[in-house]
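There are 2 protein chains.
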Amino acid sequence: MRQNDLEDLRSQVTGLNSKILDLINDRTAVVQEIGKVKEKQGVNRYDPVREREMLDLLKSENKGPLPNGVLEQIFKGIFMSALEIQEDEQRNALLV
Amino acid sequence: MRQNDLEDLRSQVTGLNSKILDLINDRTAVVQEIGKVKEKQGVNRYDPVREREMLDLLKSENKGPLPNGVLEQIFKGIFMSALEIQEDEQRNALLV
Chain A
1 MRQNDLEDLR SQVTGLNSKI LDLINDRTAV VQEIGKVKEK QGVNRYDPVR EREMLDLLKS
61 ENKGPLPNGV LEQIFKGIFM SALEIQEDEQ RNALLV
Chain B
1 MRQNDLEDLR SQVTGLNSKI LDLINDRTAV VQEIGKVKEK QGVNRYDPVR EREMLDLLKS
61 ENKGPLPNGV LEQIFKGIFM SALEIQEDEQ RNALLV
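So the sequence lines, in the order shown, correspond to chains A and B. The first sequence begins at 1 in full-length UniProt numbering and counts up one residue at a time. The second sequence begins at 1 in full-length UniProt numbering and counts up one residue at a time.
Since no wrong hints were added, every one of them can be taken at face value.
Where chain B lies over chain A, by a calculated footprint (3+ residues, C-beta under 8 Å):
#, region
1, 8 to 15
2, 27 to 35
3, 56 to 62
4, 75 to 85
Residues of chain B placed beyond 12 Å of chain A at every Cβ, according to the derived structure:
#, residue
5, Q90
6, L94
7, L95
Simulated from the structure, these hints should not be mistaken for laboratory data. Glycine included, each C-beta is placed from N, C-alpha and C at the ideal position.
Using the sequences and the accompanying hints, generate a full structural model.
Next comes the structure, spelled out in structure tokens:
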């Protein structure tokens with residue numbers, strides 16, 4: 001019985017992992033679009049004010065159980081990754 | 001025109017942030033349930049084999065644009081956080 005509970009809970013986690021991944025990919029694609037628009041405008045891609053606003057909004061929306069400190073840690077990682085991917089693309093574009 | 005594009009893309013990011021947060025909260029709640037089941041069974045919560053399996057599955061499912069290296073980085077953060085939250089709860093339970 002218990003083992004079945006565990007299996008069921010684990011498959012819930014596996015399904016949630018996939019959904020989170022899909023959304024992070026969607027987000028990355030949109031951030032890439034933003035990067036292109038900003039590039040044409042000659043604007044710097046990294047915008048710490050906008051990042052802080054996004055974090056504050058997320059913390060205000062957060063219903064838990066994730067504590068806000070951990071939320072901030074995870075999303076800073078997501079934000080930074082999107083930026084790193086853009087920088088790699090820019091570097092590759094320069095090498096072509 | 002360009003500015004409107006940027007606003008539209010940014011609101012897409014804001015919406016995706018919220019959806020990602022909701023799913024991470026759902027995931028955290030399920031992981032807490034798993035922790036309770038494991039606690040009753042006297043099993044260690046941290047399971048590096050299962051973590052590796054989850055990462056491998058995610059990488060095989062990944063359609064991009066997120067590179068697998070960044071995927072691993074982000075999800076290791078999510079996995080670690082869930083574990084940290086459980087440990088905090090356990091510590092708090094011991095203090096009661």
